[in-house]
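Asker: Model the placement of chain A on the given structure of chain C, informed by the hints.
There are 2 protein chains.
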Amino acid sequence: MDNFVFYNPAKIIFGKDQEKTAGEWIRKYDGHKVLLHYGGGSIKKNGVYDTIIASLKANDLPFVELSGVVPNPRYSLIQEGIALCKREGVDFILAVGGGSVIDSAKGIAAGVLLNEDEDLWEDYYMFKRGPEKALPLGTVLTIPATGSESSRSSVVTNEATHFKRSMAADCMIPKFSIINPKTHYSLPPYQIACGCADILAHLMERYFTPTENVDFTDRMLEASMKTVINYAPLAIKYPTDYNIRAEIAWVGTIAHNGLLNTGRLGDWASHDLEHELGAIYDIYHGEGLAITFPAWMKYVYKQNPKRFVQFAQRVWDVEFSAEQEERIILEGIHRLERFFTELGLPIRCSQLHIDHSRFREMAQKIMVNRDHEGEFMKLYEEDCYQIYCLSE
Amino acid sequence: MDNFVFYNPAKIIFGKDQEKTAGEWIRKYDGHKVLLHYGGGSIKKNGVYDTIIASLKANDLPFVELSGVVPNPRYSLIQEGIALCKREGVDFILAVGGGSVIDSAKGIAAGVLLNEDEDLWEDYYMFKRGPEKALPLGTVLTIPATGSESSRSSVVTNEATHFKRSMAADCMIPKFSIINPKTHYSLPPYQIACGCADILAHLMERYFTPTENVDFTDRMLEASMKTVINYAPLAIKYPTDYNIRAEIAWVGTIAHNGLLNTGRLGDWASHDLEHELGAIYDIYHGEGLAITFPAWMKYVYKQNPKRFVQFAQRVWDVEFSAEQEERIILEGIHRLERFFTELGLPIRCSQLHIDHSRFREMAQKIMVNRDHEGEFMKLYEEDCYQIYCLSE
Chain C
1 MDNFVFYNPA KIIFGKDQEK TAGEWIRKYD GHKVLLHYGG GSIKKNGVYD
51 TIIASLKAND LPFVELSGVV PNPRYSLIQE GIALCKREGV DFILAVGGGS
101 VIDSAKGIAA GVLLNEDEDL WEDYYMFKRG PEKALPLGTV LTIPATGSES
151 SRSSVVTNEA THFKRSMAAD CMIPKFSIIN PKTHYSLPPY QIACGCADIL
201 AHLMERYFTP TENVDFTDRM LEASMKTVIN YAPLAIKYPT DYNIRAEIAW
251 VGTIAHNGLL NTGRLGDWAS HDLEHELGAI YDIYHGEGLA ITFPAWMKYV
301 YKQNPKRFVQ FAQRVWDVEF SAEQEERIIL EGIHRLERFF TELGLPIRCS
351 QLHIDHSRFR EMAQKIMVNR DHEGEFMKLY EEDCYQIYCL SE
Chain A
393 MDNFVFYNPA KIIFGKDQEK TAGEWIRKYD GHKVLLHYGG GSIKKNGVYD
443 TIIASLKAND LPFVELSGVV PNPRYSLIQE GIALCKREGV DFILAVGGGS
493 VIDSAKGIAA GVLLNEDEDL WEDYYMFKRG PEKALPLGTV LTIPATGSES
543 SRSSVVTNEA THFKRSMAAD CMIPKFSIIN PKTHYSLPPY QIACGCADIL
593 AHLMERYFTP TENVDFTDRM LEASMKTVIN YAPLAIKYPT DYNIRAEIAW
643 VGTIAHNGLL NTGRLGDWAS HDLEHELGAI YDIYHGEGLA ITFPAWMKYV
693 YKQNPKRFVQ FAQRVWDVEF SAEQEERIIL EGIHRLERFF TELGLPIRCS
743 QLHIDHSRFR EMAQKIMVNR DHEGEFMKLY EEDCYQIYCL SE
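Protein chains in written order, with our numbering: chain C, 1 to 392; chain A, 393 to 784.
It should be emphasised that the hints constitute simulated quantities derived from the structure, not laboratory data.
Cβ coordinates follow ideal geometry from the N, Cα and C atoms, glycine included.
It is possible that part of the hints are untrue.
[Stated by the list, open to error] Restraint-style ranges between C-beta atoms, simulated for each label pair:
no.: 1; chain 1: A; residue 1: Glu715; chain 2: C; residue 2: Tyr238; range: 27 to 37 Å
no.: 2; chain 1: A; residue 1: Arg479; chain 2: C; residue 2: Asp170; range: 33 to 43 Å
no.: 3; chain 1: A; residue 1: Pro697; chain 2: C; residue 2: Tyr238; range: 20 to 30 Å
no.: 4; chain 1: A; residue 1: Tyr673; chain 2: C; residue 2: Pro189; range: 52 to 62 Å
no.: 5; chain 1: C; residue 1: Lys16; chain 2: A; residue 2: Glu774; range: 35 to 45 Å
no.: 6; chain 1: C; residue 1: Gln364; chain 2: A; residue 2: Leu657; range: 46 to 56 Å
[Stated by the list, open to error] From chain C, some residues computed to sit far from chain A (all C-beta separations above 12 Å):
no.: 7; residue: Ala160
no.: 8; residue: Glu325
no.: 9; residue: Gly344
no.: 10; residue: Tyr380
Extracted from the complex, chain C is given alone in its bound form (with noise of 0.2 Å):
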């Protein structure tokens, strides 16, 4: 196990009609006026807009909007949230809706308070760093899947360079996030596959690690994956059952809060091969995760077999007899491909046709700024290639 840090500040309040106490949050946290970042209409149709201009005005809280988020969410939007900010005098960020918003809130809530000779693209986000402080932030959270309600980080496409990048830092972690599974029902169900895809893929860049004697994080990993493979057809087949939807939820925070990865290194690659697949194509992240992940897998299971085969045996429960190593892991990886296929997701490029043609292009545009990419197996420029061909 290696030394760690571990801090997670944020609040979760988490549970039905929490919604409601949004305004009470951000006064308790200190915040006067209020910028609403939004995507589209999904949380005017489903109510959650109204329930939170109404807590807003019923707090005495002046706010400007912000909408037009959309997934892989855009640099140049961030930038026009943060002169508005300036010019506005907001000092409390409340995002409302999945991981694309939150992500972009947090560019935002970290640009308006950037000094003159800083940019925030090129000084952060191209260098996978995070900056020392960001205005407050707090979250309403209707699609499960980033994690980014807790979590430090943020992603982002700069749609002029085709770059899909990322920043992280523990000022941008929010101060509260709420979150109410019934606000998730009227999600279509390919967005629940896309999302439970994503938090499926946190979990795996976890335990998929080079660090050893790491048995009681594993656990947990596992503990996690499981509720995932558990509850993810049932939130598509009964889509108003509040315990499902609550499952689904809480572990897709718990993923991605920092805790699973305490003592443990992990292993990004097959995220940041899809960030460099939805950069160029636009496509759902959970989507392409569920082409990366697999396809990352078969190149790189002979780094370290009995990783595989315990991911084999404990999470898909494979029981073949233990000589039997090659055979235990490619059903593993098979059983993974299936679960994907079962929620309705493509696990090849062709499937979305997607061809061959870029894939030298992503794996040179992975590289930029990178000694390496991964850690379970180091990577290259021609492993990420070969690995994209395997998706094909």
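Answerer: Just chain A, lined up with the frame of chain C:
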């Protein structure tokens, strides 16, 4: 799953040599004058005391010392600490030791800031209430057991009245806790056994809930219990194996930081039954729990046999056929008793030469200021008495 708020801002600094940074962290949390609070001589023998003193001096932090905390920490020492802090203008408390030292420090931290008309014991401990504010507190954990290093609570014995009571509040969560498993090497085996029993009890108390549909936290609890069950005997057998100690230390903190009871009601009857034993007979908390927990289980399992079946199957790998429900349950409890016995702990009062003469008195004291005891099954005086009889 119930609605919940989860908030734990304790910063955990975990790993080799981390105690050297204590002074730096106090500085970061704006401490200027420190109360160094500890127990007996063990931290002087294992070198931790010297390391801390050097760190305080290197960071120009003046300090006063208060030692003498004993297991089942005494309210009288807390009163002494409060007076000392007020006299010396202390603005930060550093607790170096196990749960008793940290619980004592929390009492002092809260007591220093009370108003003149408030009484720490009568107004707070006796009613399980926590105060609004407390001095900032840091810890260096030298005994993994109570989870007090990141919990909201403090358990203290009032030697004048023989009451052992707890209070809890967010303001008593330590700002930081330093955990170096190497500093646990020198603990006597029996103390490790007691600590592991306490950790397992914290997990079981969350596990045996009356709340339904809590599968994710069930699985996380099972993962944590398996870790304790696997590593506790190894920690005794191989006292200087870092990775074994690290597993125990980290699960000990997570067991009690609030995460694993999110959305579910716990049942603290076994702990409270032990508190009365400890208040009268001054036994170790962990050995008391090894006695009260199996007795409690035998008394309550018919309340919800399915939960006890899951405990036996998932935690203890009991694989009898499904029809034999009672046999499965009793085997699970038996394996728990066998585990305690293997650690060298008593599982009956008679092993500590405690007879039934004061069972009635203890059962009466539990009900003072309480409507009922426990939540999995609501207990009253006669129930508590019967459980003590089962533990004889």
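Asker: Please go over all the hints and tell whether each is borne out by the structure.
Answerer: Here is how each hint holds up against the structure:
1. At roughly 30 Å, the beta carbons of Glu715 (chain A) and Tyr238 (chain C) sit within the given window of 27 to 37 Å.
2. The hinted range of 33 to 43 Å is satisfied by Arg479 (chain A) and Asp170 (chain C), whose Cβ atoms lie roughly 36 Å apart.
3. The given range of 20 to 30 Å is respected by Pro697 (chain A) and Tyr238 (chain C), whose C-beta atoms sit roughly 27 Å from each other.
4. Between Tyr673 (chain A) and Pro189 (chain C) the beta carbons are some 60 Å apart, a value that agrees with the proposed interval 52 to 62 Å.
5. As the Cβ distance of Lys16 (chain C) to Glu774 (chain A) is approximately 37 Å, the hint placing it in 35 to 45 Å holds.
6. Distance hint check: the CB atoms of Gln364 (chain C) and Leu657 (chain A) are about 55 Å apart, consistent with the given range 46 to 56 Å.
7. For Ala160 (chain C), the shortest C-beta to C-beta distance to chain A comes to about 38 Å, beyond the 12 Å cut-off, and the non-interface label holds.
8. Every CB of chain A lies more than 12 Å from the CB of Glu325 (chain C), the least distance being 23 Å, so the non-interface label holds.
9. Interface exclusion of Gly344 (chain C) from chain A stands, the closest Cβ pair being 23 Å apart, more than 12 Å.
10. Interface exclusion of Tyr380 (chain C) from chain A stands, the closest Cβ pair being 30 Å apart, more than 12 Å.
In this structure, every one of the numbered hints holds.
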